[in-house]
Amino acid sequence: MRSLRALALASLVAAALVLAAGGAVAQAPTVKIGYIPSDSFAALYIMADRYLTPAGITVQMVRMAGGAEITTQVATGQLHVGGAGMGAAGFNAVAAKLPIEFIAPLHFGYLEDYFTVRKAVWGTEVKRIADLKGRTVGLNTRGAAVEWMLDQVLRRDGLTIKDVQVKIMPFPDMVPALESGAIDAGILTEPFPTLAEDKGVGVRPLTRPAGAKAIPITAAFWNAEWAKANADLAHKVMLGYLRAVRDLAADGGRGWSEDRNVDLMVKYAATKKELVKKARSHVADPNLELDTSTLDSMQKLNADLGYLKYTEFLSAEKLFTFTYRDRAVKELGRR
Amino acid sequence: MSRGPGWLAQHWLTVASPVALLIGWEVASAVGLLREAFFPRPSTVLVHLRRLVADGTLLGHALPTLSRIGGAFALAAILGVVTGLAMGLWRRLREGLDPVFAVVYPIPSVLFLPFVSFLVPRGETALIVTTAATSFFLIAFTTTEGVRQIDPLVVEAARHYGARGRRLFTAVLLPGALPFIFTGLRLGLGYALIVVVAVEIVSASRGLGALLWLSWQVLKVEDMYATFLVIAALGAVLSYGLAALRARLLPWAQDVAER
Amino acid sequence: MALAVPLGLLALWELLARLAVVSPRYFPPPSRVSTALVDGFTEGDLGGETLVTLTRLALAFALAAVPAVPLGLLMGMVKQVREAVEPYIAVLFPVPKIALLPFLMILLGVGEPAFVLTGAISAFFQITISTLAGVQTMDPRLLDVGRNYGAHGARLFTRVILPAALPAIFTGLRLGLGLALVAIVVVEFIAAKSGLGHLVYRHWQTLSTPQMYGAFALVGALGLLLTRGLRALQTRMLVWQEDPGRL
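Protein chains in written order, with numbering that gives the first Met the number 0: chain U, 0 to 334; chain F, 0 to 258; chain B, 0 to 246.
Looking at chain U on its own, in the form it has when it is part of the complex (with noise of 0.2 Å):
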């Protein structure tokens, strides 16, 4: 009878557990902000720290490894606003009607940025991009921007990305891998390849030729049913996030290494501030405008790949919903 009472309460402990579990989950109402921690998302560290929790708006950032698992937790709402690398996720939720809004870019970059090349091999077994034939690449998530990226990269010598061997990794750990050889070349984004080259694992070999012209590469949305249904709380967002996108893009640009926008990179990236000031800077467009032309393209590769669950291609305008853009940019006046 002992064992019967051991497992009684046993059963009531666990009981306890599950019920405890349940009440966990409920919470106050606040902005729920999927984030990548990366420099590449400095506007949302900003708009969140600098603009909506001063003006008494509760914010929770909540850090993600990557822009597919972003893209699901707005679209079922577990996440309000969020961030992520344009990709097939993005269009096909788009395409399929998910209540998920694409509501401005978040930034633009170079590919030469990127592209990193692990030190041990460059110049000896692998002297060109068409070297890397065969070899293992490291990227964060399949289907996005980066994907895109590497392409583009491998275009430039007659190589596909059917050509390497894709290897999926966060970016932190990314910088130890071409350290190790784990991977010998991928997309990293800042400050990762800064820290790659200060380590001496890493190189960039490609010159960004001049007069290039950034790249939009990710771009920010939320949940259309939440701004929807909190319009007024919606349109206090999206201006914060156009004063925090034009913080970045101040002075030419210069707002990249500005010390009270890297103190929030470091804060949220979790990296250190001599290597977020050393990092090239991302750009950032001041009126959140894109180029269009690389959305087909993305969706051409991603369509190759067998990515999207669409034939035709989406527009900007179809991808994009810019009336909370425009309404916050008439606001606060064109730059």
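Misleading hints may appear alongside valid ones.
As the list claims (entries may be wrong) - Think about it this way: if two alpha-carbon atoms lie no more than 30 Å apart in a straight line, the pair counts; the simulated DSSO-like pairs of lysine-lysine are:
no.: 1; chain 1: B; residue 1: Lys192; chain 2: U; residue 2: Lys166
no.: 2; chain 1: B; residue 1: Lys192; chain 2: U; residue 2: Lys308
no.: 3; chain 1: B; residue 1: Lys192; chain 2: U; residue 2: Lys266
no.: 4; chain 1: U; residue 1: Lys272; chain 2: B; residue 2: Lys192
no.: 5; chain 1: U; residue 1: Lys161; chain 2: B; residue 2: Lys78
no.: 6; chain 1: B; residue 1: Lys192; chain 2: U; residue 2: Lys276
no.: 7; chain 1: U; residue 1: Lys272; chain 2: U; residue 2: Lys198
no.: 8; chain 1: U; residue 1: Lys308; chain 2: U; residue 2: Lys227
no.: 9; chain 1: U; residue 1: Lys277; chain 2: B; residue 2: Lys192
no.: 10; chain 1: U; residue 1: Lys198; chain 2: B; residue 2: Lys78
no.: 11; chain 1: B; residue 1: Lys192; chain 2: U; residue 2: Lys271
These are calculated hints, taken from the structure and not from any lab test.
Chain U is already provided as a structure; the job is to place chains F and B on it using the hints.
Same frame as chain U, now just chains F and B:
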């Protein structure tokens, strides 16, 4: 196995319950009670499944999975039965290996992938060897158990009548252990599927696990459901099909896991 | 004696790695792995990561056991319930539970609820099936005897059915806990960003092999503790019954 109308009359709930669920799902999704983007109607899933079959996508992912399961199962079965028989016959070996197995066996197979990928060439070989790991231990365990449970009197009697070496093995030990070996093989095959899906999620670009994971990563939700259906069907075929096969081949021997 | 072979293997590994017969980068000597383990506990957060895995495991197990045992009992006693539920169990039991993870992540988001639930589902089916088997295989004479002595309804249940099914329930719980551990570790390896499974994955990706083998060994130790420890507990608690689920 014949199930006539009498069976249906007696067990109508077994049929009615899933049918009701599917209809309920279809309706709920159609009228918007469930969000169609995440809970596509069963009929939509079937349409997508047909498309995946028609354009060859499914075959292109199912074949690698099947060949990996086949390879891993063959590897696990041969090594497992041999190791198990040896461990059953020689006490020394059993006592020596038992603590090693005890630690290694509960580790999920997928975790062997890093280790295996250092040991053998990356790619298919690594995937197959990893997939074989848990099945191997399971088959070795059950085979050992099968040899050990043979009545020593039977072995003694066989020896008495002159059975030695190979004859003792083929005439007494193997048949005696067979029901256990078969149970081990059945469970091992089931595990091979479980592991291969996980291994493909982590480290393959082809295979049903890879297709499932990629469909999730790019939010092709209907393909996710369709792939899941195929994986579930494969699971059912592997576990119930083999049980039926045993009933055919070894009708005298009850599955020891069902005792 | 029982430890001779494992110790011998470790010594051989140590030797081969030291002599660089096998690459010490991929197969670091066990001494370095244990140093990494100790460092991980004293300086790193290996303890914390272990706790994360254990917490997930405990939650998953509780979430599985609490509904599974009553469901199994109910299925064993009420034919209609059994027939309505059986098809789902028959279809879902052989499915690799990890295949449910993407669905749970869509449903619940990428986070603890989805991770824990994947582990819970793995254990749930096993516990339900074992419990059901416990009721179904009980000696019908026990029921008759119980009835003859006037046991009905609740009394029949608590005095006859439950004790008779208890060994099978315990076996189900033990097997379920093992399955939940496997599922949780695999989920960590694949999707979560914490826990022992994730440590193995991360250290593999970055080729920090001593740490990788350390986490790997820790998972093995945990599994050993749960499988062998619970079996010992079961034999002590239910001395009067033979364990029906030896395999």
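Exercise for review: Quickly compare the C-alpha distance for Lys192 (chain B) and Lys276 (chain U) to 30 Å and report which way the hint goes.
Suggested key: Holds, because 28 Å separates the two Cα atoms, which is no more than 30 Å.
Check your understanding: Is Lys277 (chain U) within 30 Å of Lys192 (chain B), Cα to Cα?
Key -> Since the Cα atoms of Lys277 (chain U) and Lys192 (chain B) sit roughly 28 Å apart, the hinted pair holds (cutoff 30 Å).
Review point. Hey, Lys308 (chain U) versus Lys227 (chain U), does the alpha-carbon distance stay inside 30 Å?
Key: Holds, because 26 Å separates the two Cα atoms, which is no more than 30 Å.
Exercise for review: Take a quick look at whether Lys272 (chain U) and Lys192 (chain B) sit within 30 Å of each other, Cα to Cα.
Suggested key: The given pair, whose Cα atoms are some 25 Å apart, holds under the 30 Å limit.
Exercise for review: Would you mind confirming whether the straight-line C-alpha gap from Lys192 (chain B) to Lys308 (chain U) stays at or under 30 Å?
Suggested key: 29 Å, holds
Check your understanding: Given the hinted pair Lys192 (chain B) and Lys271 (chain U), is their alpha-carbon gap at most 30 Å?
Key -> Given pair Lys192 (chain B), Lys271 (chain U) holds - Cα atoms ~22 Å apart, limit 30 Å.
Review point. Is the straight-line distance between the alpha-carbon of Lys272 (chain U) and that of Lys198 (chain U) 30 Å or less?
Key: Measuring from Cα to Cα gives roughly 16 Å; hence the hint holds.
Check your understanding: Hey, Lys161 (chain U) versus Lys78 (chain B), does the alpha-carbon distance stay inside 30 Å?
Key -> 56 Å, violated
Practice item. Starting from Lys198 (chain U), check that the Cα of Lys78 (chain B) is at most 30 Å away, please. Key: Violated, because 68 Å separates the two Cα atoms, which is more than 30 Å.
Point to revise | Given hint Lys266 (chain U) paired with Lys192 (chain B) - CA-CA distance at most 30 Å | key: 19 Å, holds
Exercise for review: Measure nothing beyond the straight line between the CA atoms of Lys192 (chain B) and Lys166 (chain U); if it is 30 Å or shorter, mark the hint as holding.
Suggested key: 17 Å, holds
Hint compliance for this structure: hints 5, 10 are not met, and every other hint is.
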